[in-house]
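Be aware that the sequence shown starts at 59, since it is given in my numbering, and climbs by one per residue.
If you're looking for bench data, these hints aren't it; they were derived computationally from the structure. Remember, predicted model here, so these are calculated numbers, not experimental data. Treat the hints loosely; a few may be bogus.
[As the list claims (entries may be wrong)] The calculated DSSO-like cross-link candidates involving lysine-lysine, where the alpha carbons are at most 27 Å apart (straight line), are:
hint, residue 1, residue 2
1, K125, K239
2, K158, K239
3, K111, K239
4, K111, K125
5, K235, K158
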Amino acid sequence: MRTRNIVSAVAAAAVAFSAVSFSVSAEENTTGYVYFMAEKSTIGQGFTVEPCKVAIHEGDTGLDLLKNAAEVLTEDTGYGAYVTAFADEDLQTEVPEAIKAVCPEMTGRNAEGYLSALDYTAESGWTYFVNDEYAQVGIGDYIPADGDVVVFSFTVYGYGADLGVDNSSWGGAAALKEATKKADLVKLCAEASEAEGVDEYVFTGAMEVLAEYEATQEDIDNAVASLTDALGVDAATAESAETTETADTAEVSAETADASADGADDGKGSPATGVEGAAVAFAVVLLAGAGIALSKRK
């Protein structure tokens, strides 16, 4: 009996040591964090995934990051990895009036337990933004960087037109609303969800603004200011960090501006929404191509 107890104790110690070693190894392989959110305000349901921090590990792509943050279904449609669905059980839609006006006949969901491409309309699907910019690559080709803010949004009209993306210069739908910049608020809400002593009223109010389809940029900016105060964030430090990030991306931005200068005079892009034309084109192709592929499969 004594021998058995000793063996059991050694085995338990070995398991515990293994768990600690694995944890340390995971920490060592973490290269930073991304702030993540998935939202479905276009059908009046707020969040599929609330704002959170997701660890980046060495070698991670955006698809790896996404699968660590949420339960999703993906498919290779020929335009790269496309997210076809997020696990989601909420069926109680409250479609905003602006969307009802352009989508008077909406259907329901196609797969139980998921919010999927082609649910509700023939133009619906998941698209994503990085640091308030429309993604220019498929999620499998996106390489996450520490501090990035990744937001997946469900669109039901105009391949993103209901999210403030103007596709009219490409023959698609004009933006249904003014695009808003919410990355700072997503980041603050993710931080606040892990912090102690944050004013619950302020935090709840900020989350409600993020979940509201009709929230204006002023609403978002006010929520940022209130939550910044509640968290005790040094505004000067935050501004300095933003300036550094802007400087780091200046060269890339300059190259993009040079490449698209000739197209600017032709009205390509969306000055009213701040969404660059090439990104719009890519996202429309990805969403439309995925929709066609999924339709054929069905």
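Hint check results:
1. Restraint check: the Cα-Cα separation between K125 and K239 comes to about 25 Å, which is no more than 27 Å; the hinted pair holds.
2. Proposed proximity of K158 and K239 is supported: the alpha carbons are some 24 Å apart, at most 27 Å.
3. Between the alpha carbons of K111 and K239 the distance comes to roughly 19 Å, so the proposed pair stays at or under 27 Å and holds.
4. Note on K111 and K125: the hinted pairing holds, with a Cα-Cα distance of about 13 Å set against a maximum of 27 Å.
5. A hinted pair counts as satisfied when its Cα atoms are at most 27 Å apart, and K235 with K158 qualifies at roughly 13 Å.
In the structure shown, no violation is registered for any of the earlier numbered hints.
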